[in-house]
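Novice: Listed here are the chains, written in short residue letters.
There are 2 protein chains.
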Amino acid sequence: MTAPNALAPDTLLASLRWRIATKKFDPTKKIPTPLWSALEDSLVLSPSSYGLQPWKFFVVEDKAVRAKLKPVSWGQPQIVDADKLVVFAARKDLSAADVDRYLERISEVRRLPKEVLADYRKMMLASVSQEPARVQAWATRQIYIALGVFLTAAAVLGVDACPMEGIDKDKYDEILGLPAKGWNAVLVATAGYRADDDAYAKLAKVRFPKAELIQKI
Amino acid sequence: MTAPNALAPDTLLASLRWRIATKKFDPTKKIPTPLWSALEDSLVLSPSSYGLQPWKFFVVEDKAVRAKLKPVSWGQPQIVDADKLVVFAARKDLSAADVDRYLERISEVRRLPKEVLADYRKMMLASVSQEPARVQAWATRQIYIALGVFLTAAAVLGVDACPMEGIDKDKYDEILGLPAKGWNAVLVATAGYRADDDAYAKLAKVRFPKAELIQKI
Numbered sequence: 001m002t003a004p005n006a007l008a009p010d011t012l013l014a015s016l017r018w019r020i021a022t023k024k025f026d027p028t029k030k031i032p033t034p035l036w037s038a039l040e041d042s043l044v045l046s047p048s049s050y051g052l053q054p055w056k057f058f059v060v061e062d063k064a065v066r067a068k069l070k071p072v073s074w075g076q077p078q079i080v081d082a083d084k085l086v087v088f089a090a091r092k093d094l095s096a097a098d099v100d101r102y103l104e105r106i107s108e109v110r111r112l113p114k115e116v117l118a119d120y121r122k123m124m125l126a127s128v129s130q131e132p133a134r135v136q137a138w139a140t141r142q143i144y145i146a147l148g149v150f151l152t153a154a155a156v157l158g159v160d161a162c163p164m165e166g167i168d169k170d171k172y173d174e175i176l177g178l179p180a181k182g183w184n185a186v187l188v189a190t191a192g193y194r195a196d197d198d199a200y201a202k203l204a205k206v207r208f209p210k211a212e213l214i215q216k217i
Numbered sequence: 001m002t003a004p005n006a007l008a009p010d011t012l013l014a015s016l017r018w019r020i021a022t023k024k025f026d027p028t029k030k031i032p033t034p035l036w037s038a039l040e041d042s043l044v045l046s047p048s049s050y051g052l053q054p055w056k057f058f059v060v061e062d063k064a065v066r067a068k069l070k071p072v073s074w075g076q077p078q079i080v081d082a083d084k085l086v087v088f089a090a091r092k093d094l095s096a097a098d099v100d101r102y103l104e105r106i107s108e109v110r111r112l113p114k115e116v117l118a119d120y121r122k123m124m125l126a127s128v129s130q131e132p133a134r135v136q137a138w139a140t141r142q143i144y145i146a147l148g149v150f151l152t153a154a155a156v157l158g159v160d161a162c163p164m165e166g167i168d169k170d171k172y173d174e175i176l177g178l179p180a181k182g183w184n185a186v187l188v189a190t191a192g193y194r195a196d197d198d199a200y201a202k203l204a205k206v207r208f209p210k211a212e213l214i215q216k217i
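Quick note, the sequences are listed as chains D and E, same order. For the first sequence, the numbering used here begins at 1 and goes up steadily by one. For the second sequence, the numbering used here begins at 1 and goes up steadily by one.
Bear in mind the hints are in silico, worked out from the structure with no lab data behind them. Please note that the accuracy of each hint is not assured.
The following label-pair restraints were derived from C-beta to C-beta distances [claimed, not checked]:
#	chain 1	residue 1	chain 2	residue 2	range
1	D	Ala14	E	Ala14	14 to 22 angstroms
2	D	Lys210	E	Asp62	51 to 59 angstroms
3	D	Arg134	E	Leu125	24 to 32 angstroms
4	D	Ala97	E	Lys171	43 to 51 angstroms
5	D	Lys63	E	Lys171	48 to 56 angstroms
6	E	Lys216	D	Lys171	32 to 40 angstroms
7	D	Glu104	E	Gly166	21 to 29 angstroms
8	D	Glu115	E	Ser95	45 to 53 angstroms
All values reported here derive from a predicted model rather than from experimental measurement. The beta-carbon is built from N, C-alpha and C at its ideal position, and this holds for glycine as well.
Based on the provided sequences and hints, a complete structural model is requested.
Specialist: As C-alpha cells, then:
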C-alpha cells in the first residue's frame with residue numbers, strides 16, 4: 001500500500017523548524033474545528049506498546065477549572081491563554097482487565113475470535129504483571145510517544161503547541177478527579193496560536209550539531 | 001510567524017491511518033537519501049524537557065552488527081530486513097556537565113552571555129540532581145518523545161517504520177559499546193518500506209473509540 005500524499009522532506013523540516021514550545025499564546029485566536037478534530041485524532045492514532053493505549057486525554061474547556069490548574073503549573077500563562085489544554089493521563093493500576101478490554105476491541109474491529117489472540121494475551125499479561133512501579137513507569141513512557149505525535153501533528157498543521165512537564169501531578173489528579181476515574185495525570189500540552197509579541201518565538205532554535213546527535217555504526 | 005505550508009488535516013490523518021508498526025520490510029527497498037536525511041533531522045529537531053536533548057541516535061549500518069542485534073531483539077526480522085535501524089539511547093548519568101554543555105550551546109547559537117542563563121541553569125540543575133534512578137527515568141521518557149516525532153515524520157513522508165521496545169537493552173549496550181561512550185540503549189526504530197506480503201499490514205487498525213480516549217472537562 002503506497003503512502004497517501006507524502007509530504008516533501010523540506011516542507012516537513014520547515015514545519016519542524018517553525019515549531020516552538022510556545023511560551024505566549026494569543027488568547028483571542030481559536031483553532032478551527034477541523035484542525036482540532038484532526039489533532040484529537042492524532043492522539044487516538046498514536047502508537048503505543050502492543051497497541052495497548054494505556055492512556056486517556058482530558059481536554060479541559062472549563063475556564064474555571066483551567067484557572068485552578070494555573071497555580072499548580074508554576075503559574076505558566078499558557079494554561080489559561082492557549083485555546084486548548086490537554087491533560088495526558090496514564091492508566092492507574094494497568095492490569096489484566098485492561099489487556100482484556102483491548103483484546104475485546106481487537107476481536108471486535110478485526111472480527112477475530114479471542115482464542116487466536118491467546119499468545120498475544122500472554123505476552124501482554126507478562127508486561128502488566130511486573131511490579132506495579134515498573135508497570136506504571138512503562139505506561140507513563142507511552143504517554144510521551146503520544147506527546148511526540150501530537151506536537152509533530154500540530155507543527156505540520158501549522159498549529160502552535162507547548163508541552164508542559166512542569167505541573168503538580170497530584171494537584172492535577174485532585175482538581176480533575178482523575179484517580180477515581182482510573183487515571184493519573186502525566187503531563188500537559190497546550191495548543192493554539194503564538195502571540196505576535198512572544199519574545200521567545202524570535203530566538204534561534206538551539207540543538208546540538210547533527211554530527212553530535214546522530215552517529216553511524 | 002505564520003506556519004510554512006501547513007498540511008491539510010485530512011492528508012495528515014490519511015498518513016497516520018496508513019502508518020503501521022511494520023512487521024515485514026522489503027529488504028530490497030531503500031529510503032532515498034533526502035528522505036532519510038529529513039528523518040535524521042526530525043530527531044535532531046525533536047523537543048525535550050528544557051530542550052536538554054539527553055539523547056543520541058545510533059544508526060546501525062554495519063550488517064554484521066545488525067545480525068548480532070537480531071537474536072537480542074526476540075529474533076524480530078525487522079532488525080536485519082529494514083533499510084535503517086536506529087538505536088535511541090539516553091544519557092547515562094545525566095549531570096551538571098550535560099546542563100553546562102547545553103548552556104554553552106545556547107550561548108553559542110543565540111550569542112548570549114552565559115550569565116543571563118543563570119536561573120535556567122539552576123532549574124535544570126535541580127532536575128538532574130534528583131536521585132539517579134529518577135533522573136534516568138526522566139531522561140528515558142524524553143526518548144519516547146523523539147520516537148513519537150520520528151514515527152509521525154516517517155508517516156507523513158510515506159516511509160514505513162517500526163518502533164521496538166522488545167530488545168535486550170543490556171545486550172545492545174554491550175554489542176554497541178554504548179556505556180563506554182556515555183549512553184544507554186532505550187529502544188529501537190527500524191525504517192524502510194513494508195513488504196507487499198506483510199499480512200499484518202492488511203489488518204484493520206485497532207483503537208479504542210475516540211469517545212473513550214478523549215474526554216472533555
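Novice: Kindly indicate which numbered hints from before are broken by the structure, ordering the numbers from low to high.
Specialist: 2, 4, 6
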